[in-house]
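Those protein sequence lines, which keep their order, are chains G and U. 29 is the number that the working numbering gives to position 2 of the first sequence; each next residue is one higher, with no gaps. 695 is the number that the working numbering gives to position 611 of the second sequence; each next residue is one higher, with no gaps.
Worth flagging that the hints you see were computed from the coordinates, not collected in a lab. There is no bait here: all hints are sound.
Residues on chain G that point at chain U, a partial pick, calculated with CB under 7 Å:
(1) Trp-50
(2) Pro-119
(3) Met-151
(4) Leu-155
Computed from a predicted structure; not experimentally measured. Yeah, the Cβ is synthetic: ideal placement off N, Cα and C, and Gly gets one too.
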Amino acid sequence: MVAFSLNGRNVELKVDPATPLLWVLRDHLGLTGTRFGCGMGLCGACTVHLDGAAIRSCSTPVSQAAGRSVTTIEGLGGDHPLQRAWVEHNVPQCGYCQSGQIMSAAALLASNPQPDEENIRQAMSGNLCRCGTYHKVQRAILSVAAVEHWQPAAEDAS
Amino acid sequence: MSLTRRQFIRNVSVTGGALTLGFQLTACSGKPLQLGSEADFQPDAFLRIEPDGAIILQIPKAEMGQGVVTGMVTLVAEELEVHPERIGYAMAPVHSAFADPEMRLQITGGSASIRVYHEILRQVGASARETLIAAAMQQSGLDRASLAARDGRVRSTDGAVDLAYADLVAIARALPVVSDVALKPADQWQWIGHYDQRVDAQAKTDGSARFGMDASPEGCLTAVLLRCPWFDGAVESFNAEHALEHPGVVAVFATEHGVAVVAEGYWPARQAAGKVEVTFTPPGGGLRDSAAITEALTAALDGDDFASVRDDPASAKAGQGTLVSGRYAVPFLAHAAMEPLNATCRLTEGGCEVWVGSQAPDLAQDAASRVLDVPREAVVIHNQFLGGGFGRRAAADNVAEVVAIARELKRPVKLVWSREDDMRHDWYRPPMAGAIEARVHADGSISHWQHRIAGPSINQQVLPVLMGAMLPQWIPGGPRQLVGDFVGKKDFASVEGSKELPYQFDGVSVSYHNVPVPVPLGYWRSVGHSHNAFVVESFVDELAHAAGVDPLEFRRKHLAADSRERRVLDAVAAAASWGNAPAGHYQGIAVHDSFQSCVAEVVEISLVDGKPKLEHVYCAIDCGQVINPDIVRDQMIGGIVFALSAALHGEITLKNGAVEQSNYHDYQLLRQTDTPPMTVVLIDSAAPPTGVGEPGTPPAAPALANALFAATGERQRRLPLRMG
Ligand code: FES
Ligand code: FES
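Please build the complete structure, drawing on both the sequences and the hints.
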């Protein structure tokens, strides 16, 4: 039995504890938004959050998630500022790498709300995109970082 | 080539009675195509409007990131007078109505989708609009001139009549389809050339987009397949004793494709596969090592057994001037799309259903029907989003494999390839070697351009497969292979982009020697252009330097004054401030025509420890009328990243007939940190739209090699570039 919190809900399942979290999500829990690309931690398509940090779920045994909190692309809700920026900037081409890109970006912004271009390039370098959407990824992240930057100055708070 | 209205009618109409587009639902000759319900308004095979107003467009092409869904929806939306985002879409089933009118197959390739369908889909939208207006005329008693369609409604000029399309469905479906319609002139376009969103972006952002990998019919098990590492081997024997003891494993058995390990999920299947002992039949003869293949290509170039594909009259200046020559070589390449290959199959009464992301669902259907020995119609293909295609997903080997597994298992099953399977069992871009020479004359003219190309023919292998899906099923494979062998001698895919040299040189000749290899070959983004542009545009640079002329000026001088090539060169040169690179930066330029579009690129680099660092890439494209400017720019950038990944890293090598690379660590792609800023210029054009998915790829490698020459004075004639 492995128990953990998944997108805010508790899950408990009987599974070989060595099974990578990726396959538990996809095959046992039916959450197919997390993608399989390489199985070796090389491409980032399988990126999810474990206690808020970006991890490669293809190379993380589910036992490591026990008692901890996992967030997948489905857990972002579809309306996360990054997801809105992704749609607005038409980031996806084939779309296959994008769940991983967004999860890496969300972890980056959580630890550094105002990354510059170089921070973004470094933080996102583990996420391959065969379609070559890197510029759009960068631009979408920057646009969200910029919004975060403006918010404190907005009048709404008063 | 644009279809005239008359040709259009000939190509897509069914004879007799009311003209309909592509398919007549009421009087069809083949198997009836019933999509949606009886209550829908279905003017043709492509479009239906449901009673609640939902509009659904059947997409006859594969969406693999190139934006074809958005492009097609936009074309229909323009004439139908609705916002593109109001049009829902579905991947079309396999049906003759959806076969590409040029290729006669339901295949996505040749960057042809929008070029072939732009007028057809505008007609689809316009016919539906006019039929809905005819319904409004009937409803209101007003004449055509007093009614207009806008925003999904038909209104009268005085505002008294205001009907949603939904309100007109019941009347429209009983009316003859209005087919003789004029298309909107360009100055009235709201969406074509202006709409710059993607209609599939949301699903691809929230995780809900369904790829082949996500198919999961009820009770579906997962299979992995142990394939012979060399391509001509088969299973001789296997021992599954330990594998069968692995928890979650359901079955282990051999098929014609390998040993299948079936389990409840990918992980137990993959773990158990590691415990199967397999012996494969020994490899056959032929060229089995990269070194031997390279040698064979070199030997072919040294010989004189070439088939001529272009032979202009010899120049009057034969034997004069300075002879310049070079030998070029490029390797096998893998597609390495992000989604590893996969396919899912469920047997049905007398046939099966297949879920797959395919560039050629009719080839998938044909492959499945051959495995089960059933008529093609007994196979239903559910096409999904493709996690990258680039030509790889035109092949249906994954489909044949999963159907064979389902045939034995008799339960729904999904076959998942590992990344290693995907890398080692691709249909590879073939290696090519080229010997090229020309004479540079004191008056600046060029003569005696001789380009000889040696390498394996893709179409010798692939055409027999394509024909298999086009011809009646009983026709045996032998004659098809004879056609493949014949075409392979002068394979158009091996020489495209060399034969059509745009420069006004004297005495051009291009010839080819096919060197067959026991390795599966396939179409790789831009196909023959991917290697021929490298050779031709690098060598043009060599000639410019030999002539002592600036590479841009040299190209301009030998191109017609009003040519598209000159126009894109000038545009890219202006964008890149050609000749004024920042200190320490070096530029290289290239121009290439492919898929009826014309693209020029400037790659700007610096040198770090003697190795190139990409600083900026500039690109200009003339692809005729742009449908979605943002998607065109993205396709250029994506095509350039694809090409530069190959130019800097891409190489598949063989040892004992097996591929040595396995995953993204030994077959590297550009990453976020390697990708430089890029600038894309779209040339304004009202000409009919041409290719976009592939034409960005060919000029990037030669532009990079030319920049390296500018930086180092050394000519790189091999890919991937190996510095120092
Ligand atoms: S699938 Fe996990 S990093 Fe590639
Ligand atoms: S969008 Fe296709 S791999 Fe990134």
